[in-house]
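2 protein chains.
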Amino acid sequence: MLIDGIPGDQVPLSDRGLQYGDGLFETLAVTDGRPGLWQRHMARLQAGEQVLGFPVSDKQRLWEEARALCAACERGVLKIILTRGSGGRGYQPPAVASPRRILSLHPWPDYPGMWYKQGIRLRICETRVSDNRRLAGLKHLNRLEQVLARNEWRDQSIAEGLMLDERGKVISGTQSNLFIVQGDVLLTPDLSRAGVAGVVRELVLERARQLGIVTQITELAPADLKLADALFITNSVMGLCPVAELDDRHYAVEGIPAVLRQSVQDALVWCNV
Amino acid sequence: MLIDGIPGDQVPLSDRGLQYGDGLFETLAVTDGRPGLWQRHMARLQAGEQVLGFPVSDKQRLWEEARALCAACERGVLKIILTRGSGGRGYQPPAVASPRRILSLHPWPDYPGMWYKQGIRLRICETRVSDNRRLAGLKHLNRLEQVLARNEWRDQSIAEGLMLDERGKVISGTQSNLFIVQGDVLLTPDLSRAGVAGVVRELVLERARQLGIVTQITELAPADLKLADALFITNSVMGLCPVAELDDRHYAVEGIPAVLRQSVQDALVWCNV
Chain A
1 MLIDGIPGDQ VPLSDRGLQY GDGLFETLAV TDGRPGLWQR HMARLQAGEQ
51 VLGFPVSDKQ RLWEEARALC AACERGVLKI ILTRGSGGRG YQPPAVASPR
101 RILSLHPWPD YPGMWYKQGI RLRICETRVS DNRRLAGLKH LNRLEQVLAR
151 NEWRDQSIAE GLMLDERGKV ISGTQSNLFI VQGDVLLTPD LSRAGVAGVV
201 RELVLERARQ LGIVTQITEL APADLKLADA LFITNSVMGL CPVAELDDRH
251 YAVEGIPAVL RQSVQDALVW CNV
Chain B
1001 MLIDGIPGDQ VPLSDRGLQY GDGLFETLAV TDGRPGLWQR HMARLQAGEQ
1051 VLGFPVSDKQ RLWEEARALC AACERGVLKI ILTRGSGGRG YQPPAVASPR
1101 RILSLHPWPD YPGMWYKQGI RLRICETRVS DNRRLAGLKH LNRLEQVLAR
1151 NEWRDQSIAE GLMLDERGKV ISGTQSNLFI VQGDVLLTPD LSRAGVAGVV
1201 RELVLERARQ LGIVTQITEL APADLKLADA LFITNSVMGL CPVAELDDRH
1251 YAVEGIPAVL RQSVQDALVW CNV
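Protein sequence lines correspond, in order, to chains A and B.
Position 105 of the first sequence, counting from 1, maps to 105 under our numbering, and the rest follow consecutively.
Count along the second sequence from 1, then add 1000; that gives the number in our numbering.
No wet-lab data here; the hints were simulated from the structure.
Hints should not be assumed to be uniformly reliable.
As the list claims (entries may be wrong) - Calculated lysine-lysine pairs in the DSSO-like style (CA-CA distance at most 30 Å, straight line):
hint: 1; chain 1: A; residue 1: Lys139; chain 2: B; residue 2: Lys1079
hint: 2; chain 1: A; residue 1: Lys139; chain 2: B; residue 2: Lys1139
hint: 3; chain 1: A; residue 1: Lys226; chain 2: A; residue 2: Lys169
From just these sequences and the hints, can you work out the full model?
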């Protein structure tokens, strides 16, 4: 682990990330020492810095630190946390913040190969995700709703839970974005009020458009999921993972366009898009 | 500072409070070595433990640690943070959590005496507070909205900012609860969707009822504030603080029933209610 470039595994109590969740994070797949989708992760991080009023961080330095930390890692997960650092008076941040950057490397989670061949089981969570137009899309450190949602089940045969907003619209999984295939159209929830705009979600949308697949970013209700031909979820570590089952409704993995899966898979393997 | 009863000023990076804001906190006024409104703070903390699925913490041990830390403190602020500790897999908490308790003592903020005599200036923040019925009322560590709201102004003549929910209803100040006096009635926003249910708010409501003042917990719009006879805010450190001005509207401090102010003041001085 590296804290501001120095090996360490503790942070000061005064850190605003701990005190208020005043910070951002990114989770990157590492392959052969290289953190994947770097530019996309950095673009989202920078968007978050702007909304939170952080000074823009030096992405080149972050890259060098990430490469140094991951150098000997064949396959792993790099988590980058950027907090507003210490200081300020209560909620009020210091006029000029000195953000703290925290890089940690974690083992690759060996998701079962069957997940990708046969699809996973999903559930719908009771914990709702709250609306905030200002924070929507960002990967900030206020993730208590996701923690509570993920704490709703221990059944290991269920890989992910979907979260609805207070109006009952589907927003995302606890740690993933959702797509549905309906006829020739690929749909994914609108995240302008809530949710995290995943980098693989963005990649999927781009690749789909390049392949001539019609995409729609829209409101989706649980009933729309029942009518769908296929579902899949995405995140940086899981990639694109088909859904086999949600609430007794079964989906055909083959309903996901094979060219899209291949295109996304290629992009993730190359890690440089 | 005490971390799990041991002096220290650092927490492990793995702490879920830092990683996800997975925790709770309380801020207590300390007078002559004694943390005030202890039972009320502990009741709210315990309500939070239940919602978050923490094991119930030992409040007697917390009291002993708090007393030890505050023993030499004439006047100060005790902050108690309770995180879910370390562990788990991503958002999923460990099946049995070992919460980490973090106690820190801070200087008393010397609010100007004029605030209490002449009242303070308020503003209305642009950052909204999001709805979440499950988390509403709790003092949890996801406070990014309050940080962003408090970061909207640097003008020191403005003491506090009010936050609205996404529907435009007034919820609270960034770090305080709001009351309005309208004729013979004392009103305060309903917090069943959003906001922190302050211990002094609860005290004010109780004392008002004991004094025969009609209280209403209700939805309030900014327009209702314009029509009010008087406004005041409350929190554990500030106590009850009258409002003189909000958006060019002036309020008479005398509009707040003197018996109520006195009753609340007495309770806060005695610190044992």
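Here is what the structure says about each hint:
no. : hint                 : verdict
1   : A:Lys139 / B:Lys1079 : holds (27 Å)
2   : A:Lys139 / B:Lys1139 : holds (22 Å)
3   : A:Lys226 / A:Lys169  : holds (13 Å)
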